[in-house]
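First to last, the protein sequences are chains A and B.
Quick note: the first sequence uses our numbering, first residue 1, plus one each step.
Quick note: the second sequence uses our numbering, first residue 1001, plus one each step.
In case anyone wonders, no lab produced these hints; they're calculated from the structure.
Keep in mind it's a predicted model, so treat the numbers as computed, not measured.
Yeah, the Cβ is synthetic: ideal placement off N, Cα and C, and Gly gets one too.
Among these hints, one or two may not hold up.
[As the list claims (entries may be wrong)] Straight line, CA to CA, 30 Å or less: simulated DSS-like cross-link-like pairs of lysine-lysine: (1) 1083/B - 70/A; (2) 1057/B - 108/A; (3) 73/A - 1083/B; (4) 16/A - 1083/B; (5) 3/A - 1057/B; (6) 16/A - 73/A; (7) 1057/B - 1083/B; (8) 70/A - 1042/B.
[To be verified] Short derived list, chain B residues pointing at chain A, Cβ under 7 Å: (9) 1048; (10) 1061; (11) 1065; (12) 1089; (13) 1102; (14) 1103; (15) 1108; (16) 1109.
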Amino acid sequence: AQKITQTQPGMFVQEKEAVTLDCTYDTSDPSYGLFWYKQPSSGEMIFLIYQGSYDQQNATEGRYSLNFQKARKSANLVISASQLGDSAMYFCAMREGGGRDDKIIFGKGTRLHILP
Amino acid sequence: EPEVTQTPSHQVTQMGQEVILRCVPISNHLYFYWYRQILGQKVEFLVSFYNNEISEKSEIFDDQFSVERPDGSNFTLKIRSTKLEDSAMYFCASSGGAGGGETQYFGPGTRLLVL
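Please work from the sequences and hints to get the whole structure.
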C-alpha cells in the first residue's frame, strides 16, 4: 500500500489564485512528521513546510500553510496568492517514528503550472 | 543561510566504472542521508548515517554502494561498478542540528548518467 498518496498528477492555476495540493498518508505509528518539498525544473529539492503529528496547530510558512486533518490522515498544502515562480513539482513526504534519523518516504508528486 | 552542497552537479560515466558523489552537510547537523530520483519518478531513500555508522539502508543500497564521512565536513556516496540503471539524480540531505530539528534539508543534487 502507498504510504503517501498525491492524487493530482498535474494542476493548472491562474496567477494570484490560491492553490490546494492534496496529500493523504498511511501510518499506524503515532509519532510521525509530514513535509512538503518543491522541485523546480532545475532539479533541486526545496523544503517548504513541516507538520509534526503531535502539533496542535496547522503549520504556516509565509504563503504556505499545511491543512492537517489527522483523523482523515490528510496533509494538504495550501499556497496563497500563487506566483509564476510557484510553477514546479511538489512532493508530500512523511517520516515515520520518533527517531530523528528516520528516512523520509515521498509521494509521486504534483506538477503545478501557474498561468499568467 | 546554511545549506547542503553537492559536487559534482553532473557526472557522466561508463558502465562498470566507480563514481564518488560528494556532499557537505550543514555544519551542525548530525544525521546524513542519500536519496535518489530516477528521471520522472519519485524520490527514493538509499541510506541514513549517524555517528559514523549506517542507521538504515534500503534494498536499493546493495554491496555496490558505500558511504563514508572521511573528515568532519564531507559525506560521500560511492558506487563501485555502475550500472545503466544507476542513472539518476542523487540527493544528499542532513538534519538534526543543535536545536533538534527534524527537517531534512536537501542539497542541489548530482545528476549521474551511466553510459
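Go through the numbered hints given earlier and state which of them the structure violates, listing their numbers in rising order.
-> 1, 3, 4, 10, 11
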